[in-house]
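Asker: So you can see what is in the structure, the chains are spelled out below.
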Amino acid sequence: MTAEEIYNSLKAKFGDAVLEAKLDALQPWILVASGRTKEIAFFLRDDPVMQFDFLMCLSGVDYNDGRLGAVYHLSSMVHRHKIVLKAQCTKENPHVHSISAVWGTANWHEREAYDLVGIVFDEHPDLRRILLPYDWEGYPLRKDYKVPEFYNGMKVPY
Amino acid sequence: MGLLDKRFETGNVFITSLDNLLNWARLSSLWQMQFGLACCAIEMMAASASNFDIMRFGIIPRATPRQVDVLFVAGTVTLKMASRIKRLYDQMAEPRYVLSMGSCANCGGPYWEHGYHVLKGVDRVIPVDVYVPGCPPRPEALLEGIIKLQEKVRKESLVKKSA
Chain A
1 MTAEEIYNSL
11 KAKFGDAVLE
21 AKLDALQPWI
31 LVASGRTKEI
41 AFFLRDDPVM
51 QFDFLMCLSG
61 VDYNDGRLGA
71 VYHLSSMVHR
81 HKIVLKAQCT
91 KENPHVHSIS
101 AVWGTANWHE
111 REAYDLVGIV
121 FDEHPDLRRI
131 LLPYDWEGYP
141 LRKDYKVPEF
151 YNGMKVPY
Chain B
1001 MGLLDKRFET
1011 GNVFITSLDN
1021 LLNWARLSSL
1031 WQMQFGLACC
1041 AIEMMAASAS
1051 NFDIMRFGII
1061 PRATPRQVDV
1071 LFVAGTVTLK
1081 MASRIKRLYD
1091 QMAEPRYVLS
1101 MGSCANCGGP
1111 YWEHGYHVLK
1121 GVDRVIPVDV
1131 YVPGCPPRPE
1141 ALLEGIIKLQ
1151 EKVRKESLVK
1161 KSA
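Heads up: the protein sequence lines correspond to chains A and B, in order. Going by the numbering used here, 119 is the number at position 119 of the first sequence; the sequence numbering is gapless. Going by the numbering used here, 1051 is the number at position 51 of the second sequence; the sequence numbering is gapless.
It is worth saying that the hints were derived from the structure and are not from the lab.
Okay, the calculated beta carbon distance ranges per label pair:
1. A:120 <-> B:1053: 49 to 55 Å
2. B:1046 <-> A:57: 31 to 37 Å
3. B:1034 <-> A:11: 55 to 61 Å
4. A:150 <-> B:1050: 43 to 49 Å
5. B:1031 <-> A:155: 27 to 33 Å
6. A:126 <-> B:1025: 49 to 55 Å
7. B:1114 <-> A:47: 39 to 45 Å
8. A:154 <-> B:1046: 26 to 32 Å
9. A:141 <-> B:1112: 16 to 22 Å
10. B:1055 <-> A:67: 54 to 60 Å
11. A:43 <-> B:1112: 46 to 52 Å
12. A:143 <-> B:1086: 28 to 34 Å
In this text, a Cβ means the ideal position worked out from N, Cα and C, and glycines have one as well.
My request is simple: use the sequences and hints to build the entire structure.
Answerer: Below, the structure written as structure tokens:
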């Protein structure tokens, strides 16, 4: 399927949950409502003409204008097509619905995005930090992050 | 080498100081704690393999701090790992030595400015005896560091009180 067909069938099924799209990009993307990623992901995985059975990559983004985003690169082994799904939230309310029930891969990737960018994935089964120590404060890959002077008595800056 | 390369000319009696004997024994069997943290560990493994054969210095890798004399910190020390290194170092029996291998363990290396998660030098948590520069150091450089450490051990005195 082309990106346009995917977009049209998503628009027909989910209506106002599909917010925006750029279909002539090198990797065409579709922006969806952050609270409805799970049902859209289930549709993309299970619909016989979609069959996106592989979540290639899940990224967390800080757009540096108050928005945070999760980016999902999807691929179908069966139909050999790809699409990029995006969900956005604000720094004040950084909630995106988890898709770890849809693709098991997303479990650790969402933990990483939570760890470094601070996106809270609702209904994630085990949303803990994955790389940094559990007592770490702040989200280091946010653009406004300041490196702490000390961590547990150890000086951090050079 | 100074100690046992002299010939035994008066029967099989050999006279030396206790310090010399103890130091010779200690520097000839510096057991090493395996502590590979990053790419430096690959060079450390190469040094252990047959081409460089680290065992000819009497270095045997051990997997527990209770049995070792020297800790090779080979690689990037993250803040998360730093507290573990401190704990393992505290578990080592004295006399104990630390060899810091590579730029990351020496001073933070390429992470010196933007590495929010990297300890800028392992000497911020434990005392270091020998620094081996390089990114990563070749096995020859590590062997040089080991020889430097042996020189240090040779000059020490376990009998006399240190100043």
